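Asks: Sequence:
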Amino acid sequence: MAPLTDITTDQAPADPAVTDDMLATQPIGYWSGLAQAAVTRQLRDAMATIDVTQPQYWVLNRVNAGPAAPSHEEVVTQLTPLADGPHEIARVIDQLLHRGWLRTDPGHCLRLTDAGEAARVRLRELVTELRGVVHEGISDEEYVAALKVLRRMIANVEGSSAS
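Read in order, the letters of the sequence shown correspond to residues 1133 to 1295 in the working numbering.
It should be emphasised that the hints constitute simulated quantities derived from the structure, not laboratory data. None of the values given here were measured: they were computed from a predicted structure. Wrong hints could be hidden among the right ones.
To be verified - Just the calculated beta-carbon pair ranges, DEER-fashion:
hint, residue 1, residue 2, range
1, 1173, 1212, 14 to 24 Å
2, 1289, 1231, 38 to 48 Å
3, 1206, 1283, 18 to 28 Å
4, 1156, 1193, 34 to 44 Å
5, 1147, 1176, 34 to 44 Å
6, 1159, 1229, 34 to 44 Å
7, 1260, 1168, 14 to 24 Å
8, 1172, 1206, 20 to 30 Å
9, 1227, 1141, 43 to 53 Å
10, 1193, 1286, 36 to 46 Å
11, 1243, 1154, 16 to 26 Å
12, 1240, 1141, 49 to 59 Å
Each residue gets a CB set at the ideal place from its N, CA and C atoms; glycine is no exception.
Given the sequences, and given the hints that come with them, work out the whole structure.
Replies: Written out as structure tokens, the structure reads:
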């Protein structure tokens, strides 16, 4: 495998106490994994206090996302790659139907009820508040740069180029 740059930096073992001058030697998988776990834990813990799960929020957003109401199968297909297992999204849809936050229309498409829309709005406000905590001290420019770097790393690993 050919190096992607002219500069090769030795990989050091993951070290949460490493100094800034040694960050370039740190494994991205370790640090991105810590970030993903911390942000997900914060989000899920906050949602649990109001008896909602992150996958329930995903489903509410997906059902609300477009001009046409999606079918049960469309929502399952689109969200399963994010889920903890192949059956989780179908179960979440059933939970939200039972809770009265979703309904099925005569064409077998999913729609939010008034209670479901109120829950989605409340969750959006919570997520926006939590995003503020995560982004404290980070400018939009820094955030965009970090995501561009992560996107490029993903493209490098998957063998395609990022724009």
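Asks: Regarding residue 1172 and residue 1206, is the given constraint of 20 to 30 Å on their beta-carbon distance met?
Replies: About 25 Å separates the Cβ atoms of residue 1172 and residue 1206, which means 20 to 30 Å holds.
Asks: Holds or violated: the 49 to 59 Å window for the beta-carbon distance between residue 1240 and residue 1141?
Replies: Given about 54 Å between the Cβ atoms, the range holds.
Asks: The hint says 14 to 24 Å between residue 1260 and residue 1168; measuring C-beta to C-beta, is that right?
Replies: holds, 19 Å
Asks: So does residue 1173 sit 14 to 24 Å from residue 1212, Cβ to Cβ?
Replies: holds, 22 Å
Asks: Between the beta carbons of residue 1193 and residue 1286, is the distance compatible with 36 to 46 Å?
Replies: violated, 23 Å
Asks: Quick one: are residue 1159 and residue 1229 within 34 to 44 Å, going by C-beta?
Replies: Holds, at about 43 Å.
Asks: Between residue 1156 and residue 1193, does the beta-carbon spacing fit 34 to 44 Å?
Replies: holds, 37 Å
Asks: Given the range 34 to 44 Å, decide if the beta-carbon distance of residue 1147 to residue 1176 lies inside it.
Replies: violated, 27 Å
Asks: Has the hinted range 43 to 53 Å been met by the Cβ atoms of residue 1227 and residue 1141?
Replies: holds, 47 Å
Asks: Taking 18 to 28 Å as the stated bounds, is the beta-carbon spacing between residue 1206 and residue 1283 within them?
Replies: Because 26 Å falls inside the window, the suggested range holds.
Asks: 16 to 26 Å was suggested as the range; check whether the CB atoms of residue 1243 and residue 1154 agree with it.
Replies: violated, 53 Å
Asks: For the range 38 to 48 Å, tell me whether the beta carbons of residue 1289 and residue 1231 fit it or not.
Replies: Holds, since residue 1289 and residue 1231 (Cβ atoms, about 39 Å apart) stay within the stated range.
Checked against the numbered hints given earlier, the structure breaks hints 5, 10 and 11 and satisfies all the rest.
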